[in-house]
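> Protein chains in written order, with the working numbering: chain H, -11 to 103; chain X, -11 to 103.
Think of the hints as simulated: they come from the structure by calculation, not from any bench. The reader is advised that the hints may include incorrect statements.
No distinction is drawn between identical chains; accordingly, a pair holds when it is met within one copy or between any pair of copies.
[To be verified] In silico EDC-like links for lysine to aspartate or glutamate, alpha-carbon gap of 20 Å or less:
1. 54 with 3
2. -6 with 77
3. 13 with 30
Protein chains: 2
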Amino acid sequence: MKNEKKEQIWAFHNEIPAEQMPTWKSRRIKAYGDGMMLVENEFASGETAADHSHPHTQIMYIIEGKIETTVDGETRILGAGDAVYVRPDTVHGLRALEETRMLDIFSPMREDFLA
Amino acid sequence: MKNEKKEQIWAFHNEIPAEQMPTWKSRRIKAYGDGMMLVENEFASGETAADHSHPHTQIMYIIEGKIETTVDGETRILGAGDAVYVRPDTVHGLRALEETRMLDIFSPMREDFLA
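Bound-form chain H, shown alone (with noise of 0.2 Å):
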């Protein structure tokens, strides 16, 4: 149910199947290789991503809804086209407070992802 083709040059949203999350609707595998990971995600309105952190860095972008965001300590609400910084090994984790679609973007990718 992934989109495991490392490097695919062309990645249509409607051929991307949609892995439901254990505390969100959806998430999309979009686009990858080594070196960075595109993954978009979509949450009812108060599901929720728990505080987490991983050795990658990452890149979270709303695209459109509205999110409360905790990172490091620090709580934050964000609407489309606001992004956040999360540095390697820093705690963070969200709550949708719309309905929302926002990506998270890794670098390197997360192996964990595919397997």
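Since chain H is already given, all that's left is putting chain X on it; use the hints.
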């Protein structure tokens, strides 16, 4: 006029200056560290980014609108939610078919954008 704060955690759209580009409407450097950089572009319908290449890996992601893009000699039309993975040193360019907002994500970061 650039968001030159490396590894800055919070990036609010309204606080980031838009740079007018030679052949398209605007570019905003949203977030970056050594390993990656997130850039948001706005194109008016008909505007273009000429064919070019660079040693950085790049992922393009369409937030809204529609583009025709050519990557390594192959041309496709992309809309909201579609993405493209551009390998290093691969020629790519695009033409907006509608008013379009899209993201460019680079790995490693584009030092040249901050020059």
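> Take the hints in turn and mark each one as holding or not.
Outcome of the hint check:
Taking the shortest alpha-carbon separations for residue 54 and residue 3, only the inter-copy value of 17 Å comes in at or below 20 Å, while the best intra-copy value is 26 Å. Taking identical chains as interchangeable, the C-alpha atoms of residue -6 and residue 77 lie at most 20 Å apart only when they sit on different chains, with a minimum of 17 Å there against 25 Å within one chain. Within a single copy, residue 13 and residue 30 get their C-alpha atoms as close as 5 Å, which meets the 20 Å cut-off; across copies the closest is 29 Å, which misses it.
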